[in-house]
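Enquirer: In order, the protein sequences belong to chains A and B. So in the working numbering, spot 279 of the first sequence is number 279, and the numbers just go up one at a time. So in the working numbering, spot 332 of the second sequence is number 332, and the numbers just go up one at a time.
Keep in mind the hints are simulated off the structure, nothing from the lab. For clarity, every value in this text was computed on a predicted model and none was experimentally measured. Be aware that a few hints might be false.
Which copy is meant is left open, because identical chains are indistinguishable; a pair holds if it fits in one copy or across any two.
Claimed, not checked - Think about it this way: if two alpha-carbon atoms lie no more than 30 angstroms apart in a straight line, the pair counts; the simulated BS3-like pairs of lysine-lysine are:
{"#": "1", "residue 1": "Lys40", "residue 2": "Lys65"}
{"#": "2", "residue 1": "Lys416", "residue 2": "Lys369"}
{"#": "3", "residue 1": "Lys416", "residue 2": "Lys65"}
{"#": "4", "residue 1": "Lys39", "residue 2": "Lys65"}
Protein chains: 2
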Amino acid sequence: MRKTAAIIGGGVIGGGWAARFLLNGWNVTVFDPAPDADKKLAAVLDNARHALPMLYDTVLPPEGKLRHVNSVADAVRGADWVQESVPERLELKHRIYAQIETHAAADTVIGSSTSGFKPTQLQQGAAHPERLLVTHPFNPVYLLPLVELVPSSVNSSASVETAKQTMASIGMHPLHVRQEIDAHIADRLLEAVWREALWLVKDQFATTQEIDDIIRYGFGLRWAQMGLFETYRIAGGEAGMKHFIAQFGPALKWPWTKLMDVPELTDELVETIASQSDAQSGQHSIRELERLRDNNLVVMMRALKDQNAAAGALLNTHQATLTTPINRNDAPITTQRRTIPIDWTDYNGHMNESRYGQVFSDSADIIMKLVGADAAYIASGNSYFTVDVQIRFLAETLAGQVITVKSRVLEGRGKKLRIYHEMLGADGTLLATGEQLLIHVNLTTRRACEPTDAVLQAVQEMAAAHAALARPDAAN
Amino acid sequence: MRKTAAIIGGGVIGGGWAARFLLNGWNVTVFDPAPDADKKLAAVLDNARHALPMLYDTVLPPEGKLRHVNSVADAVRGADWVQESVPERLELKHRIYAQIETHAAADTVIGSSTSGFKPTQLQQGAAHPERLLVTHPFNPVYLLPLVELVPSSVNSSASVETAKQTMASIGMHPLHVRQEIDAHIADRLLEAVWREALWLVKDQFATTQEIDDIIRYGFGLRWAQMGLFETYRIAGGEAGMKHFIAQFGPALKWPWTKLMDVPELTDELVETIASQSDAQSGQHSIRELERLRDNNLVVMMRALKDQNAAAGALLNTHQATLTTPINRNDAPITTQRRTIPIDWTDYNGHMNESRYGQVFSDSADIIMKLVGADAAYIASGNSYFTVDVQIRFLAETLAGQVITVKSRVLEGRGKKLRIYHEMLGADGTLLATGEQLLIHVNLTTRRACEPTDAVLQAVQEMAAAHAALARPDAAN
Numbered sequence: 001m002r003k004t005a006a007i008i009g010g011g012v013i014g015g016g017w018a019a020r021f022l023l024n025g026w027n028v029t030v031f032d033p034a035p036d037a038d039k040k041l042a043a044v045l046d047n048a049r050h051a052l053p054m055l056y057d058t059v060l061p062p063e064g065k066l067r068h069v070n071s072v073a074d075a076v077r078g079a080d081w082v083q084e085s086v087p088e089r090l091e092l093k094h095r096i097y098a099q100i101e102t103h104a105a106a107d108t109v110i111g112s113s114t115s116g117f118k119p120t121q122l123q124q125g126a127a128h129p130e131r132l133l134v135t136h137p138f139n140p141v142y143l144l145p146l147v148e149l150v151p152s153s154v155n156s157s158a159s160v161e162t163a164k165q166t167m168a169s170i171g172m173h174p175l176h177v178r179q180e181i182d183a184h185i186a187d188r189l190l191e192a193v194w195r196e197a198l199w200l201v202k203d204q205f206a207t208t209q210e211i212d213d214i215i216r217y218g219f220g221l222r223w224a225q226m227g228l229f230e231t232y233r234i235a236g237g238e239a240g241m242k243h244f245i246a247q248f249g250p251a252l253k254w255p256w257t258k259l260m261d262v263p264e265l266t267d268e269l270v271e272t273i274a275s276q277s278d279a280q281s282g283q284h285s286i287r288e289l290e291r292l293r294d295n296n297l298v299v300m301m302r303a304l305k306d307q308n309a310a311a312g313a314l315l316n317t318h319q320a321t322l323t324t325p326i327n328r329n330d331a332p333i334t335t336q337r338r339t340i341p342i343d344w345t346d347y348n349g350h351m352n353e354s355r356y357g358q359v360f361s362d363s364a365d366i367i368m369k370l371v372g373a374d375a376a377y378i379a380s381g382n383s384y385f386t387v388d389v390q391i392r393f394l395a396e397t398l399a400g401q402v403i404t405v406k407s408r409v410l411e412g413r414g415k416k417l418r419i420y421h422e423m424l425g426a427d428g429t430l431l432a433t434g435e436q437l438l439i440h441v442n443l444t445t446r447r448a449c450e451p452t453d454a455v456l457q458a459v460q461e462m463a464a465a466h467a468a469l470a471r472p473d474a475a476n
Numbered sequence: 001m002r003k004t005a006a007i008i009g010g011g012v013i014g015g016g017w018a019a020r021f022l023l024n025g026w027n028v029t030v031f032d033p034a035p036d037a038d039k040k041l042a043a044v045l046d047n048a049r050h051a052l053p054m055l056y057d058t059v060l061p062p063e064g065k066l067r068h069v070n071s072v073a074d075a076v077r078g079a080d081w082v083q084e085s086v087p088e089r090l091e092l093k094h095r096i097y098a099q100i101e102t103h104a105a106a107d108t109v110i111g112s113s114t115s116g117f118k119p120t121q122l123q124q125g126a127a128h129p130e131r132l133l134v135t136h137p138f139n140p141v142y143l144l145p146l147v148e149l150v151p152s153s154v155n156s157s158a159s160v161e162t163a164k165q166t167m168a169s170i171g172m173h174p175l176h177v178r179q180e181i182d183a184h185i186a187d188r189l190l191e192a193v194w195r196e197a198l199w200l201v202k203d204q205f206a207t208t209q210e211i212d213d214i215i216r217y218g219f220g221l222r223w224a225q226m227g228l229f230e231t232y233r234i235a236g237g238e239a240g241m242k243h244f245i246a247q248f249g250p251a252l253k254w255p256w257t258k259l260m261d262v263p264e265l266t267d268e269l270v271e272t273i274a275s276q277s278d279a280q281s282g283q284h285s286i287r288e289l290e291r292l293r294d295n296n297l298v299v300m301m302r303a304l305k306d307q308n309a310a311a312g313a314l315l316n317t318h319q320a321t322l323t324t325p326i327n328r329n330d331a332p333i334t335t336q337r338r339t340i341p342i343d344w345t346d347y348n349g350h351m352n353e354s355r356y357g358q359v360f361s362d363s364a365d366i367i368m369k370l371v372g373a374d375a376a377y378i379a380s381g382n383s384y385f386t387v388d389v390q391i392r393f394l395a396e397t398l399a400g401q402v403i404t405v406k407s408r409v410l411e412g413r414g415k416k417l418r419i420y421h422e423m424l425g426a427d428g429t430l431l432a433t434g435e436q437l438l439i440h441v442n443l444t445t446r447r448a449c450e451p452t453d454a455v456l457q458a459v460q461e462m463a464a465a466h467a468a469l470a471r472p473d474a475a476n
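Using the sequences and the accompanying hints, generate a full structural model.
Expert: Okay, structure coming up:
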């Protein structure tokens, strides 16, 4: 049974939440009184549908159903989760919570996207304050995994647990902020940089473009994968973190920054920043910038995923919960369903020919696992190596397309394992075929040898089961 | 004729400079009085040799020659560039500059890696202050492209120009800081975050691990590819940057941060940070963390390179200066020389089978360009599509290995273009062969058709030239 998330406030943040829930298989009801709310949400959802499925090497659950409704009551009735993302005015939030509490079940958890208020402030006057807490996400909500989960002392442990599980189930990292403070944690760090950056622009030491270049060509790359402290730990070297920090002490006293003071946002400063930003990025519309940003985030996060590092490790953890079991008794066996990601396409916008090979290689890995040639088997010193592959390209494949691979064992005896794959589009079009000859090897001698009896028997059984299939035209 | 860089001070930063110059084909002399200086430098160079060549889809120039010398005089005599990276003590730097100026040519530019001093301070007492300026890099120097180039008003425009060209020639982005200020620009931003982070740890609001997670799962990912202002421009949406900034005004007055005050680095706070950092990262040695960091940086920068975005766009610009011309009259034609990057390997540590296909696909693109089926030809509505590829895997290939691809046209008539590739290791071992059948298509109708006369003639000539070669055993 699908769960339902009620999204109260459907701007960039609320829309991002709606998209993340929908694409993770939740039904979503959205209440936003703005006249163009559905149009705005459609734009966010369009971006999310482009980007989020590409992060995974499997398909996401079937998308949930989206309903725009005309009242808070209609949105939250029967909802399993309520996410509030209305403007940052405390009295408005209190009014909304009163409406939510009138119509939602008494134990439905309410998460607020507030970046500034503490949960204790939000909970004032609530009928059930124990289930109202902060779940503060980061834009774009459908891609960035971080969510600051901030309860107060009155929250029930059940509501905190539900919030953690809900966030993790939609691929987010709920970072439990153990003490409520103004602006939580991330925005304090952001605010510090923001103030310093405003001073640098105001004092004409740097333009917006120069500051952005300094970040993305310098420490931004370090931070995306290790953060601040681990980066400095490395900089400290073998002498250790303690030595490094102690050394850093004197620099803190230097009058390097203007942080003691807050720049005044005069009309002139606003104008300076706006015109520098236009010069820097004005050639792109916001929609174009969103697409550029999302494509960059997708390829960086996918790159980290291959290393099982930072945000990529989170993706692997989430992906493990999504992968559908493979039915080894099917003939042929459906070895893969996945979305073609943007980093697999070439200048034509088509899937690069080598990525067909990657898909077939991944499917061969799955066949290997099914016959018992899995990670433990490889660790024990045996494996199959591909010695020959032939790929026929039959139709074009584009980024975002969902493909299915059906695989069969053509030949399985002795050292030989010959596998044949068909890659199909969502409408059943045959996009490509691949035929691989694998030879069993001893990983120590690097020479061909027979597999273990158990693997050989599994290979032979699979070959026998697939022998009944009509021989594919394309097979050698 | 190779150029020579003199590296004065061979720690993490000086060593990173030495590695970047060496791997970009410069000879390097290093002076560092520490007894283990050569050992430390060897460790940095080992990391750099692992990581830097993987950023490029071509080979770097042959590595320069490294010499450790026993005096500043021996280091700088005849040097084309001097880079000073000694400890941050002004009187020490002045003493070093005096020695440099005694032995270096009068117009050799001296760059200082100082993070804190202004060029005017460095230039005090210099014989030729006009050629002494700040070139402040970021760790790891051999991977991160940013260098803050800070001249004072006494610097000659020739020295600034030389510095820019030198930095760009070794793949860096010289960001010209137009007004000298304490700590330049990047470290002001870093210092702001650092202070706030220290407060968060001191006040026990967050641990070092939590702060790092907040950065790498949240805004770090945004900053690595767009920086601060462009990210906020998007957040502002269609209302525009001016509206967004003006709205932000009131928040600046809120007492969110402790920035007005500087935390005192008591023994207790130092101990807290060090022990939290140990709990977070203590399972890895610094060498292991360096390798993890470098691999993450390589894959993220390579991912951005495919999108031609942020630091990836800089790499593409630098790569274009490195690519060696292809001799179309060779038979076979050497279509590629490149290093196998870490993101091409699978769990075995070997190049994934699909990446052989990528290498051959890249070589086919080069053959297409040589026969005139280039970007302009494709834009005019014609192209070749691969319909069939067969790859034979003959030997294992590992990350970091340099490969060469030799390609020949087996058949070129009418719509058909059949290409055969051999992938060779550095010692000439045949690693794999690939044979591709390409069919010429009209990109509008998506149907097969004959190429233009000019392309067809070029294809036929190439096929005729290659017909004299012995037919490869592996060819179909």
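Enquirer: State for each hint whether it applies.
Expert: So, going through the hints one by one against the coordinates:
Taking the closest pair of Cα atoms, Lys40 and Lys65 come within 30 angstroms of each other only inside a single copy of the chain (17 angstroms); across copies the shortest separation is 59 angstroms, beyond that limit. Taking the shortest alpha-carbon separations for Lys416 and Lys369, only the intra-copy value of 16 angstroms comes in at or below 30 angstroms, while the best inter-copy value is 39 angstroms. Taking the closest pair of Cα atoms, Lys416 and Lys65 never come within 30 angstroms of each other, the shortest separation being 48 angstroms inside a single copy and 49 angstroms across copies. In the homo-oligomer, the alpha carbons of Lys39 and Lys65 lie at most 30 angstroms apart inside one protomer (16 angstroms), although the nearest pairing across protomers, at 62 angstroms, exceeds that limit.
Hint compliance for this structure: hint 3 alone is broken.
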